[in-house]
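Protein chains: 2
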Amino acid sequence: MPASALPQTLAETLRERFAERFQTGAAIRAQHGATTTWIENQPPDAVVFAESTAEVAGIVSLCGEAGVSVIPFGAGSSLEGQLNAPRGGISIDLTRMDRIVAVNAEDMDCVVQPGVTRVRLNEYLRDTGLFFPLDPGADATLGGMAATRASGTTAVLYGTMKDVVLSVEAVMPDGRVIRTGHRARKSAAGYDLTRLLVGSEGTLGIITELTLRLRGIPEAVAAARCSFPSVEAASSAVIGALQFGLPFARIELLDATTVNAVNRHSGQGLPETPLLLAEFHGSPGMVEELSRSFGEIARDYGATALDWTVDPEERARLWKARHDVFWAVLGLRPGARGISTDVCVPISRLAECIAAATERAEALGLVAPIAGHVGDGNFHNLILVDPQNPEEMATANAYVGWLNELALSMEGTCTGEHGVGQGKRPYLEREMGPALDFMAAIKAALDPGNIMNPGKILPERPGGSR
Amino acid sequence: MPASALPQTLAETLRERFAERFQTGAAIRAQHGATTTWIENQPPDAVVFAESTAEVAGIVSLCGEAGVSVIPFGAGSSLEGQLNAPRGGISIDLTRMDRIVAVNAEDMDCVVQPGVTRVRLNEYLRDTGLFFPLDPGADATLGGMAATRASGTTAVLYGTMKDVVLSVEAVMPDGRVIRTGHRARKSAAGYDLTRLLVGSEGTLGIITELTLRLRGIPEAVAAARCSFPSVEAASSAVIGALQFGLPFARIELLDATTVNAVNRHSGQGLPETPLLLAEFHGSPGMVEELSRSFGEIARDYGATALDWTVDPEERARLWKARHDVFWAVLGLRPGARGISTDVCVPISRLAECIAAATERAEALGLVAPIAGHVGDGNFHNLILVDPQNPEEMATANAYVGWLNELALSMEGTCTGEHGVGQGKRPYLEREMGPALDFMAAIKAALDPGNIMNPGKILPERPGGSR
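Chains P and R are the protein sequences, given in the same order. Read in the numbering used here, the first sequence has 156 at position 123, and its numbers run on one by one without any break. Read in the numbering used here, the second sequence has 498 at position 465, and its numbers run on one by one without any break.
Derived from the structure by calculation, the hints contain no laboratory data. It is possible that part of the hints are untrue.
[Unchecked claim] Partial pick of chain R residues on the chain P-facing surface, computed with a CB cut under 7 Å:
{"id": "1", "residue": "Glu49"}
{"id": "2", "residue": "Phe55"}
{"id": "3", "residue": "Thr57"}
{"id": "4", "residue": "Pro119"}
{"id": "5", "residue": "Ser184"}
{"id": "6", "residue": "Ala217"}
{"id": "7", "residue": "Arg218"}
{"id": "8", "residue": "Lys219"}
{"id": "9", "residue": "Ser220"}
{"id": "10", "residue": "Ala384"}
{"id": "11", "residue": "Ala388"}
{"id": "12", "residue": "Leu397"}
{"id": "13", "residue": "Leu439"}
{"id": "14", "residue": "Ser442"}
{"id": "15", "residue": "Ala468"}
Each residue gets a CB set at the ideal place from its N, CA and C atoms; glycine is no exception.
Here chain P stands alone, though its shape is the one from the complex (with noise of 0.2 Å):
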């Protein structure tokens, strides 16, 4: 089947049984393609808007029937491509699907469908004393949180989806729904299944409900800020911080480049040094001591500035330095777009590798500025290019390509949080050897008729038709 042809009986099936929710115009169907990197934007065929379980099973049956492809679609802020439609195909749009199902305090978890965002979650839980305490940046569905396996800013502290998501709910490719656990939170029943969708970026199942454990609010949050001389210094700190056993519940770097770019976003006045934001999560007493030790370390490496809070606002006016980097650094360059890496290496390995990173960059003549969760080891540079230009391009990902092998060598991976999707997908194979057979033998036993999300993550198929 060529890609991009909707077969005319299932276009006119999903239209009878969706009317309007069911939609095909040029505009809403590349909103629900890849749209916030440099990834070629893939248009599926056609949208539909699911409001439960039973429509994506549904659907996922009919289009099973059909050799049809489809696309889970939650807030549309992945950045390797997961969302393109490079054969075509229906993409589900979950964001319908946002009823938060349970709460249950007691046992400090929810049950939330996959189109609630975390944000929207946390507003919902705020009387409750509880929280869902991990933080990517982007407001997005949790859904899509879990198919790709996302972490961010407090993932030092709180790990990441697959440490937070307890059991789904899941529409498989045969349109059967299947449930991976329950609510204990621990089991050995059998395989995990709850954990090969966790990561598995639509291309086994559809998230259709999730099981999450929530988190105490803490009853103190202190924020500190440092500037330090090198990127060097600032990661080495980190190193020395948490070998003292300091329980970071977010530290991040961001390098002069990038404390450059958000000071013109947003006019925070930071000195333009490498910066670090430090958060600690506990009583007062406790925020306060680590704050004291981490100001201590920090000062031992050579940090020239230094100011914590406790204060909700301040905190927030110091994260928001944190959160506009995507979009700050990306006015660094008018018009351009940005490649982001996401290279996560083994601690020790960290300063060395954000080192080479940076004169290597520097060497090809890229703006590639760094922020990093470097508690993880993990640390991205987004990379501004003009599409349009081949050799620039070319350069960029040569850079990519080089900092892969970099972090490989270092033990590492190619990716820490942002999946494979498209973009990493010329990478997996190297870092995985010959895992990947395992995992694309998984692929072909669980959705034979390739019609999930194909073309992610695993190498195209030899001699696949679609």
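Could you slot chain R onto chain P? The hints should help.
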């Protein structure tokens, strides 16, 4: 092929290759089947003591060609018949693969072979200031703990094997060796094969190397012991303390019968009422504060006696009560075998679940004392039975089925940490519903010859010849 028929040519090849490391004596074979529980021992046809990944891969390849089962063996401490050989085959004893390959203190991780036990790893780590935090009671091998997704007394703080295994090397059913990841703290690089193998009980691959997260040895440890008038009062105290946010490192419950058994076994002279054992890890000030808070909460729920200590020797004596439970309870009825239940329910249902279980066991006339990791909602009855008494076995099995059903009705699981093996297989289908078909599809795709630990976790394949 009839069970227990090891093809002559395969036996000869293995004997030639492994000399005295290939063993077929009845005693050694029986030792390599299930030995710790009521489940009937089904010995393999032969045992091979492997010394390298290449050797394991060689055995698996040979067995794959001959259609002979392979069963990995560690410490032999699994409880659900995971080591039995219902179709005969080769037990691959991994205890000689006991090298600690690397300790990366700066990164707080280590690389070990599967035959290293947790106690030996912790002895080895002592001078690094780090430790491996999981404690399932038995001095299990780390490979076995990963294969069964073990946890134990410290899971409430440190999680289960799914949380501490960063990646594994494994020999897959076709004899190929894969690595599921490297040493990055987090990764979004494709399907989570690490967590698919963790808990797969040797049915998908044989773990030949593990990269594990370590923790800093806490500066101070405080342990507390307190008695309660009833099991409900004790479980309610735990729920209250968890909701207050107390970060238990351990929180264990023994019911009165279990305390009685421990007193008989090791003469601790404990008051024979339900007992909670708690532990806190942190700074000296912090553990003192936590112990005090716990004491206040415990008294609110009716605790009648409370002792706490930071002295390592006293602490060891206190925990001896917990570690002795399995053998102490067996001692209540000499000659009996123990059937261990393993339900895990949401914390809010725990008191109700334990109360119902106690009442039911008494009504059925079963001796079935309770010990549990109550902070996880996980508890065990150890039902004392005479396997020669069919009526008693039927009563015990009816109780187990009833309890598993109760746990499921409370959104829990039949197995929090012991795994499925043979013993929990009848209950998994009910618990997982159609999800079980997808587990079976993964098994069939990765191990089409069904040579890897057949007859465990999944239902028998219809029409299967082995």
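These are the hints, each one checked on the structure:
{"no.": "1", "hint": "Glu49", "in the structure": "28 Å, violated"}
{"no.": "2", "hint": "Phe55", "in the structure": "28 Å, violated"}
{"no.": "3", "hint": "Thr57", "in the structure": "32 Å, violated"}
{"no.": "4", "hint": "Pro119", "in the structure": "18 Å, violated"}
{"no.": "5", "hint": "Ser184", "in the structure": "6 Å, holds"}
{"no.": "6", "hint": "Ala217", "in the structure": "4 Å, holds"}
{"no.": "7", "hint": "Arg218", "in the structure": "5 Å, holds"}
{"no.": "8", "hint": "Lys219", "in the structure": "5 Å, holds"}
{"no.": "9", "hint": "Ser220", "in the structure": "4 Å, holds"}
{"no.": "10", "hint": "Ala384", "in the structure": "11 Å, violated"}
{"no.": "11", "hint": "Ala388", "in the structure": "17 Å, violated"}
{"no.": "12", "hint": "Leu397", "in the structure": "24 Å, violated"}
{"no.": "13", "hint": "Leu439", "in the structure": "13 Å, violated"}
{"no.": "14", "hint": "Ser442", "in the structure": "10 Å, violated"}
{"no.": "15", "hint": "Ala468", "in the structure": "4 Å, holds"}
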